[in-house]
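Listed here are the chains, written in short residue letters.
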Amino acid sequence: MKLVVLLKRLPDLVEDLEVDDSGKALDTEFLKFTLNEFDDYALEEALLLKEATDGELTVIALDGEDVDKMLYTALAKGADKALKIENAGEASGNRGLAGIFAKVVSSLPHDLVLTGVQSAEDIDGQLAPMVAAILDEPCVEVVTQVATADGGVSIHKEYSGGVVAEFEIDTPAVVGIQASRQAPRYAPVSKVRQIQESTTLETVAGSAADTSVFTVVQMTPPETGGGAQMLGNIGELIKVLESKGVI
Amino acid sequence: MTETKSSFAPLTAYSPRKKAQSFVQKDSVVIEGVDISGQWNKMFDAREITSYDLTHMDKLTAIPGAESMGWCYQCAQCIPACPVDNAGGDYGPRKIFRRLQTGVDIFNHSDMWLCTSCQNCVRVCPKEVDMVQIMPAARAAAVLEGNVPDELVEMFQNVSEYGNPMGQSARKRVKWTRGAGVDIRILPKDAQPVDVLWFVGDYYAYHDRGNDAAQAMARVFSRLEIDFGILGADERCDGDSQRIAGEPGLFEELARHNIEQFEKYEFAKIVASGPHAYNAIKNEYPKFNGGSGFPIEHYTQFLSQHLDRLTPLLTRPFAKKVTFHDPCYLGRHNGEYDAPRKLLQAVPGIEFGEMFRCKQQGYCCGGGGGGMWLDGFAAEHQTERLSENRVKEAIQVGAEVLAVCCPYEVSRFEDAVKSTDNDGKLEVLDIIEILDQCME
Ligand code: SF4
Ligand code: SF4
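Going down the list, the sequences are from chains A and B.
Per the numbering used here, residue 174 is the first one in the first sequence, and the count goes up by one each step.
Per the numbering used here, residue 988 is the first one in the second sequence, and the count goes up by one each step.
The shape of chain A in the complex, shown without the other chains:
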């Protein structure tokens, strides 16, 4: 089975996020970047699938800070090939990103494309369906397990309230992964380093597909409320209302 995993790097949330002077983007000076947690699950699920089917796994990511390390780590975990998309410009949101990814994926033979169901900076969960739409392939979202079934792929999709449904889809297809069957594996530092020394990452020129994208006009931190005050009885409520001049 030929598998493709789309990886996205994100600002690491252990650092406090700040808006830069332009007022339209994050201040990246002190930011660290890390792999989207859901993409890590997608990679793990793909690795399990690769092992079960003796398949071939390619990971793809947009170029940027810390991306090489992310791709070498994926190779150390067991991916066969890593592709870095260069000169694609800044993708604006999932629409832009889906266009760039879909262009590259369309040139790769593939049975299944896996990616995280969402990411902290784009929680609309639209990356997988948009890539699928551009490629004209079926898509299942919020997936917690992928397995091969005769001729096709059997998929567990999670609904709210813990309900899980099993689907069979024809390949090629795109899935958005919510969780992997087991915790993402660890790539020992020595193995990553060994891969880094013996492999060169493949690069491919990126270009956006014809999708409409958005432009950021303004970025602000969410407004914090004043906090709620818990009142014990009606007397306290009356006091508050009096102090505010309401009654």
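Hint data in this document are derived by calculation from the structure and do not stem from the laboratory.
Here a beta-carbon is modelled for each residue, glycine too, at the ideal position from N, C-alpha and C.
Mixed in with the good hints, there may be bad ones.
Unchecked claim - When the alpha-carbon atoms are kept at most 25 Å apart in a straight line, the in silico DSS-like pairs for lysine-lysine are as follows: (1) A:242 with B:1159; (2) A:364 with A:175; (3) A:205 with B:1159; (4) B:1159 with B:1251; (5) A:205 with B:1251; (6) A:205 with B:1162; (7) A:205 with A:175; (8) B:1346 with B:1379; (9) B:1046 with A:364; (10) A:364 with B:1274; (11) B:1176 with A:205.
Claimed, not checked - Here's a subset of chain B near chain A, in silico, CB distances under 10 Å, partners left out: (12) 1127; (13) 1161; (14) 1233; (15) 1238.
Since the structure of chain A is already known, use the hints to place chain B with the ligands on it.
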């Protein structure tokens, strides 16, 4: 079926793959001219043990560093010395060897992860079976194969991404300094030469109770007018426990990073808060900077050299019954038993008493060798935590305070006091906190 009448006959029952007829019963045997014929000479045949699968034993002893596992002759002296066995873990090198001998795959077995590298078995083993060498080498192989407990994976990932096991931002490493009440020079911001480069360590920097000790240390240093500085956000985990837990590559990366920071500044010596950092910088870091290393002391060693100036500052009495837990990596691993005791004896009003298992025979807190992050895993294979076993002993000898000098230990023992229903009966304090409390 006719049975040979022999007192050894039942042996066949233990040797399932061997048929009775494979026993060699010779009429007469002459060895080096001596006739030793007799019924017992069937023992010249191979022993039953050869019928087990030795693949995993061979695989383990072929790993450089783990060879000595094969030297065990089952004398069992190590078992009463092993704190994990003592805590109901059915453990120790003798048992591990025996299991390997009977075909158990240690690479897929809890035996791989329970050893805390406390070194107590090494102290008593006549065959020099060295678990402190065996375990890191064997675990590194297991980690490469992907056989590693989830709790360790999370820790490795945090250390590799953020430079500390808590997965906290590097920039927050200096947050504790704000509450110290004294000036602390952060070398990357003020690179003046200092006498002491203080290696603060992860637990002092990020853990709440560690912060208390770090702030106490800063105050004690200030009162002693010690010219010191810290690496601040540029310090990374010392890596020693990661090395022993099976991640030598990560250890090397951390060591090289810290060495690079040390080389940027002028200082007379490094003082480490923790025995693990002390052990790493003293014994392991020299491998990565041409063997020269750095002058390094544990804080108890450093302060015990300043007792002439320290003692007059300890004016407020600390009238409590105190016992002391020797950290494995200060005591057994590096032979330092006196420095912490000298500091405690300088405390006014203290009533000091030893526990039964102390100094060379000190018990282990369970935090070494990766144990710090394997409490959940260990709970499935032991009847109690090592830290629980230890606090019970402290209470048994009548102590009101358990004094420690390893940053792993305060939180471990405080948790153990609660989980053994001894809340309020035993206070756990870092020695530096006691010294700080005694200064007006
Ligand atoms: S003390 Fe040494 S030789 Fe004796 S059983 Fe233990 S490991 Fe084996
Ligand atoms: S080093 Fe300590 S924990 Fe490990 S086997 Fe020996 S005595 Fe037990």
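Any hints this thing doesn't respect? Which numbers, in order?
-> The structure conflicts with hints 7, 13, although it agrees with all the remaining ones.
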